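For the record, the sequence lines run as chains W, C, A and B. For what it's worth, this note's numbering labels the leading residue of the first sequence as 1, then goes sequentially. For what it's worth, this note's numbering labels the leading residue of the second sequence as 1, then goes sequentially. For what it's worth, this note's numbering labels the leading residue of the third sequence as 1, then goes sequentially. For what it's worth, this note's numbering labels the leading residue of the fourth sequence as 1, then goes sequentially.
Bear in mind the hints are in silico, worked out from the structure with no lab data behind them. Please read these numbers as outputs of a predicted model, since none were measured by experiment. Just to be clear, a hint being listed does not mean it is correct.
As the list claims (entries may be wrong) - In silico EDC-like pairs for lysine to aspartate or glutamate, Cα to Cα no more than 16 Å straight-line:
| id | chain 1 | residue 1 | chain 2 | residue 2 |
| --- | --- | --- | --- | --- |
| 1 | B | 202 | B | 468 |
| 2 | C | 135 | B | 270 |
| 3 | B | 263 | B | 331 |
| 4 | C | 240 | B | 270 |
| 5 | C | 240 | B | 346 |
| 6 | B | 497 | B | 466 |
| 7 | W | 320 | B | 60 |
| 8 | C | 240 | B | 169 |
| 9 | A | 147 | A | 120 |
| 10 | C | 6 | B | 427 |
| 11 | B | 271 | B | 311 |
| 12 | W | 320 | B | 75 |
| 13 | A | 147 | A | 294 |
| 14 | C | 234 | B | 355 |
| 15 | B | 24 | B | 60 |
| 16 | C | 240 | B | 311 |
| 17 | B | 456 | B | 427 |
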Amino acid sequence: MDFLTFVQLLDSTVRLATPLLLACLAGLFSERAGIFDIGLEGKMLAAAFFSAAIAALSGSVWLGLLAGIASSMVFSLLHGVASITFRGNQLISGVAINFLAAGLTVLIAQDWFSQGGRTPSLMGGARFEPITLPFAESLGAIPIFGPIYRELISGHSILVYVAFAMVPLTWWILFRTRFGLRLRAVGENPAAVDTAGVSVVGLRYAAVIICGVLCGLAGAYLSTALQAGFVKDMSAGRGFIALAALIFAKWRPWYALYATLLFGLFGALETRPDVIEALFGIRVQGALLGALPYVMTVIILAGFVGKAIPPRAGGEPYVKER
Amino acid sequence: MDVMPKWAEVILVPLISLVLAAVLSAIVILAIGEDPVEAVNLMVTGALGSTYGWGYTLYYATNFLFTGLAVSVAFHAGLFNIGGEGQAMLGGLGVALACLFIPWPHWTLALLGASVAAALFGAAWAAIPAFLQAKRGSHIVITTIMFNFIGAAVLNYVLVNLMRPPGSMDPATARFPEVTHLPTLHDILLPLGISFSRSAPANVTFVIALLACVLVWFLLWRTWLGYEIRSYGKSEPGAKYAGISPVVITMIAMLISGALAGLMAINNVMGEAERLVLNAVEGAGFIGIAVALMGRSHPFGVLLAAILFGFLYQGGAELALWTSIPRELIVVIQALVILFTGALDNMVRMPLERLFLMLRRREA
Amino acid sequence: EPAVIFDLGGKFDKSFNEAAHNGAQRWAEETGQTYREIELQSEAQREQALRRFAEAGANPIITMGFAMADPLSTVAPDYPDTKFVAIDVTWLDAPNVRQIGFAEHEGSYLVGMMAGMASESGTVGFIGGMDIPLIRHFACGYAQGVKAVDPEATVVANMTGTTPAAWNDPVKGSELTKAQISQGADVIYAAAGGTGVGVLQTAADEDILSIGVDSNQNHLHPGKVLTSMLKRVDVAVYDALKAGTDLETGVFTFGLAEEGVGYALDDNNAPLVSDEMKAAVDAAREKIIAGDLEVASYYATDSCPALDF
Amino acid sequence: MVEQAPAIELKGISKAFGPVQANKNISIRVMPGTIHGIIGENGAGKSTLMSILYGFYKADAGEIFISGKKTEIPDSQAAIAAGIGMVFQHFKLVENFTVLENIILGAEDGGLLTPSLAKARKTLLELEHEYGLNVDPDAVIEELGVGMQQRVEILKALYRQADILILDEPTGVLTPAEADQLFRILDRLRQEGKTIILITHKLREIMEATDTVSVMRRGEMTATVKTSDTSPAELAELMVGRKVLLRVDKTPAQPGDVVLDIKGLRVVDDKGVERIKGIDLQVRAGEIVGIAGVAGNGQSELLEVLGGYAEATGEIRVNGQPLDLSGRYADGRSRRARGIAHVPEDRQREGLIMDFSAWENTAFGYHRDPGYQSGVLLNNAAIRADTEAKMGRFDVRPPNPALAAKNFSGGNQQKIVLAREIERNPDLLLVGQPTRGVDIGAIEFIHQQIVALRDKGKAVLLVSVELEEILALADRVAVMFDGHIMGERLSAETDEKELGLLMAGVSA
Ligand SMILES: Nc1ncnc2c1ncn2[C@@H]1O[C@H](COP(=O)(O)OP(=O)(O)OP(=O)(O)O)[C@@H](O)[C@H]1O
Ligand SMILES: Nc1ncnc2c1ncn2[C@@H]1O[C@H](COP(=O)(O)OP(=O)(O)OP(=O)(O)O)[C@@H](O)[C@H]1O
Ligand SMILES: [Mg+2]
Ligand SMILES: [Mg+2]
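Isolated chain W, as found in the complex (with noise of 0.2 Å):
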């Protein structure tokens, strides 16, 4: 495998794992706070869609975007009216927003559109484009460096750099800030947030909202910066590889950062069965290859490569009276 091809491996990693990241990172927020969330995949479909919807109604990509996360985070208040207010059962509300995001994405883009549960396709302004770094061009002739930079550092929608900028920002507030101190506490044990003064509820609603945020910039990155436009099911099962990269990632940012580079490294070599070929000498099921994050994860699960602690209190609504 020459250098090149590399490179271009990477900068593939680095497409696939962004939304990834950013839903592991929402993910990461909510299940900090004690709030366990497999509906990352319904909130990122559904900001795909709105995104993708009122960009294409609007022209603008930015308008796309305040409506990508609007929407994820409706569902997000929905989640935690489910589990924080009415303390229900997370993993069932989870459930509940996945379906309702499948069906209601589809029903509304056809009542708007009229194509089959699509938005029309996205030009010019109505999507994110590429961005070139200064000098891209220039240094792509230095040798290593150039290329890298130039392939792989150069050249992603904006929305890959504020992925990447939220790793170190996820970790700063979670670790240096009073909110952050707040919030691992109140995933490990409430009662202690509670009887410090520090109200649960809203910890907990702000940590599902973050959430929503993030999960809204990850389907807005799907359906407006790595394609341009809406289909249905677009996140295809990328909500739950993130919720695997999660657990993976033992609940910690940085971790969350190698996790979904990890995964999308996977999903990078699945398209290149050539490389693979090349590397082993073995020809791989892409069937195969696609289950690989899912099989990692069963393996990390057993604890064989290090045991995945959840925060303490999570899973559970916090019921001061019985």
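The hints should help you fit chains C, A and B with the ligands onto chain W, whose structure is shown.
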């Protein structure tokens, strides 16, 4: 004392939740410019207005009965099995292998053999997540989700590359031999002088599903194994104290759960399609979660809930047949039912509890 | 009143079912008549929809996709007075069914030739949706066409996935496109449903050529889509509706000769198709029609002479 | 002299949890600079009342006055602002946070952590110095002992500059020496003018440490008296509403053969910590051996190993036959088959399934015994009949086998467990905290049953954190500290003081 009488908990809460889901669904129908009354009318006549409609409603209900029971049994052991989908998929593989490669002399024997195969395959697919939960504490919700995806990949590989008859375009197995075809409700009821629609797919599996209901009830409330399963589900420390092995109960409960999910395949694969197609399960595993929830994990409740969802499916199909309402509407309605009966049921329960408390205070 | 049963993809899948929808719409507009339709949502509905329509007196009933063969084989005999049309089915033994198959490999062969000629790099791509035999059938014809004009050419073929999600993953489609581009492909044929939207989009963005499928997709990215492999399901449906109850039953295979398959040429791609290209393709077309050239079918042997899966 | 406004005044506080009326129209006044004790049986509503004062629960009715001013306390934030700090019965600490992080949680200065932590570190050092409350600010909570954790809780309150400090049963987890130190600190605080409310079950602590004391019974405040004007006997009577016998009637033990013989027992928990570090112990037929010790020194693990649900190494023989300690037969069922019955420490967590009916609970652990089971079936009718009989003999009220366990009061729940275990007529009875959360009337009954079993020539191993109970019930006492047995005494020949020293790890 419990705040609410049992009937309120078991009937009133789900009923009000359902009504809420129905109201919201009606609003959705209105919003896309259709007439909800007309829609309900179509759904009811289409799903319940003829033996034909019932035949489909019961066919779908049979699927949901199995997956609902599967989720329920695991629930009683405190385990959340989201893997019904994958387990039913693998159950289908079991049925296909049994029907295609064993020369059965009679459908009864074929049914028996296929059931065993379906249960074994379903149980096997539940066994790994169960083992990981029992021995290594891996969260069963996540592992079962993962196994759904892995199952889909396995099935595709097997169907496309191994079991597809040569030259066939369909990623499906060959048709099962005639002898393995199961009698439909029409065939069963005819000797009794009841004329049931000949063309609906409901078949003898429905009877088996009813039997499974009774057996599950019997298992849970009449046998010591069921007693152990329920004890463990209520309190793990308690179970340990009583000498009930968490590992053994986790494994057994999940194996039974997986077997029940796998058994669904005798309905859809052996009873209806009479061959194994790629997407035979079609989300029934997930519907099973809603069914178990609504039925409060009691076999009888599961039966009612399964019939409700069967009605939704069949009524939805009729809607799609006679109106231009997109089929995704049914997905939305399902989602709302799951949301209200599952995740938001406290929204109904809390005010009700307050009401009953007030009534009780007044009495006192 | 006739009826149309669309397959699971839905009538707006931008390709196969949508072609049928277009044909039916054209008939409805031209004649002012109406038809019944349903988009299937589950496997069990196949038989159900057939029976419901048959019992309601719909005639003819048009079904889409090979998966309807199985239910048709049990339902059709029960309604001998109803006529059925089965698109993509050719192997049933039922007197009241008009079975229509398309020689997709022949159409794919032609667009493969065009790809081979349009390619400057000598590498062309194929992106399929879910890995099922039908899609391999497409890929196989395509690869033969490519090799016919350039025996040295490389055909890079990828499938999107193994679950139905593979039909609706344009993101993966894009990524596969980029991967094939980095392997040198400069013409890519997409036979992948909704995933193909991503393929065509990315090909346009990256300034290479793509080839659409089933319907004419040239207009999606004018000047960027080399051609589309047409599968004239619309014509088949239109003809069936027009014939009404007088429909002729039996098995029909619509290949190049019957103009059941072909390649699309319109204003959108006219600048891309050189005269030489057109001449070569048309010559091959004649040869195939005349029987002088046979394109191997994947179905015949479950393998392809020009491509490994 | 102008009367000083009370630091705290509660008027007409009522609180119901669903159908349970935990507080009924409670009023109380606490003067500044005093230590005010609150006693009452379990479930009397003490914690509920204090949690209302601290804004953790919302009262259904009533008013709160702080220093004479009517104050709304809708949440803990308001309570903290009003200068109230509370150390809960069950600590409210984030287990995987450091001490410092726990202390600043909710009381950070500004949005960034680093300056908050730096400032807190300084303040903490000062506080530690001032009150002698030494803790490592960077230690992670889950690695600290309970005594240390309690210090963190107190520091948390002081860090928030609480003038009013509520301590809910603070000594339950402390050694007598640690408790003494705590009371010295409380005294310091009182001298500084702080007001302290102390909840405890221990009459001795009330008598020694408080200025005034209030008694609660069944959700009501039955009396408030000056400590100097009352006596333990009077307080006990106020607590239960009738005269109580504080001693157990029993004849001297007639020890027979060794029933339980423990040699070199070691237990390592699943975190890899050694909880029992090699102990030897014998219990003979016809005697009650009590294990005294502060909670968390290995007693629970000992019961778990004997009960069959924790693994161990070493040797245990019952009636001369070895027990399986880690293999196939190391489970509760096998233990029961060997004639070991077990009344667990926590009846609600282990001893009962709260949602099961009384009759289902009566079969719990014995559900595969021939009498209760035939083939794969449970013999429900037989179990029900048996339950009815047992409920009669143990005076369980209401005597309704179909009622769910959660719907019985604590004392009656305990009777259901005891009936189940004692009526098996075991060779060895393990009893953990038999009277925790049980009223004094039921205590008498339960003690009688245990003694009666002993008098039938059976061996009893009793674990209790109540020294009084151990001294009253046991014939011989072994004291556990840090996984070791510090010493054994005949209960007739020892006293609380000597045992207290042993409990603190000081060997005589
Ligand atoms: N969060 C709660 N939800 C429901 N009921 C509760 C709750 N907390 C306490 N109760 C009930 O209220 C009553 C009073 O409980 P509380 O904890 O105040 O008693 P206590 O006097 O502190 O007892 P203890 O000595 O055991 O600590 C009990 O019957 C208890 O079961
Ligand atoms: N969590 C609960 N849910 C329902 N009912 C309860 C609950 N806790 C207590 N009760 C009911 O309230 C009554 C009083 O309970 P409580 O535990 O306060 O009794 P008690 O006075 O402490 O008696 P005992 O000394 O036997 O423990 C009980 O008879 C019981 O039926
Ligand atoms: Mg208390
Ligand atoms: Mg009590």
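Do the hints match the structure? See the list:
This hinted pair checks out: residue 202 of chain B and residue 468 of chain B have alpha carbons roughly 10 Å apart, not beyond 16 Å. Between residue 135 of chain C and residue 270 of chain B the CA atoms are separated by roughly 13 Å; this keeps the pair inside 16 Å, and the hint holds. For the given pair, residue 263 of chain B sits about 19 Å from residue 331 of chain B by alpha-carbon distance, which is inconsistent with the 16 Å threshold. Restraint check for residue 240 of chain C and residue 270 of chain B: satisfied, since their Cα atoms lie roughly 15 Å apart, inside the 16 Å limit.
Between the alpha carbons of residue 240 of chain C and residue 346 of chain B the distance comes to roughly 13 Å, so the proposed pair stays at or under 16 Å and holds. Among the hinted pairs, residue 497 of chain B with residue 466 of chain B is consistent with the structure: their alpha-carbon atoms are about 13 Å apart, no more than 16 Å. Our distance criterion of 16 Å between C-alpha atoms is met by residue 320 of chain W and residue 60 of chain B, whose separation comes to about 15 Å. Between residue 240 of chain C and residue 169 of chain B the alpha-carbon distance is near 29 Å, which puts this suggested pair outside the 16 Å criterion.
For a cut-off of 16 Å, the pair hint linking residue 147 of chain A to residue 120 of chain A stands: about 14 Å separates their Cα positions. A hinted pair counts as satisfied when its Cα atoms are at most 16 Å apart, and residue 6 of chain C with residue 427 of chain B does not qualify at roughly 42 Å. Using a Cα cut-off of 16 Å, the hinted pair residue 271 of chain B and residue 311 of chain B holds, with the two alpha carbons roughly 13 Å apart. Straight-line distance between C-alpha atoms of residue 320 of chain W and residue 75 of chain B comes to about 12 Å, which keeps the hinted pair within the 16 Å bound.
About 14 Å separates the Cα atoms of residue 147 of chain A and residue 294 of chain A, which keeps this hinted pair within 16 Å; it holds. With a C-alpha separation of about 8 Å, the suggested pair residue 234 of chain C and residue 355 of chain B falls inside the 16 Å cut-off, and the hint holds. Distance restraint check for residue 24 of chain B and residue 60 of chain B: the Cα-Cα separation of roughly 10 Å lies within the 16 Å cut-off, and the hinted pair is therefore satisfied. This hinted pair checks out: residue 240 of chain C and residue 311 of chain B have alpha carbons roughly 12 Å apart, not beyond 16 Å.
For the proposed pair residue 456 of chain B and residue 427 of chain B, the alpha carbon gap of about 10 Å is at most 16 Å, so the pair holds.
Of the numbered hints listed earlier, those contradicted by the structure are 3, 8, 10.
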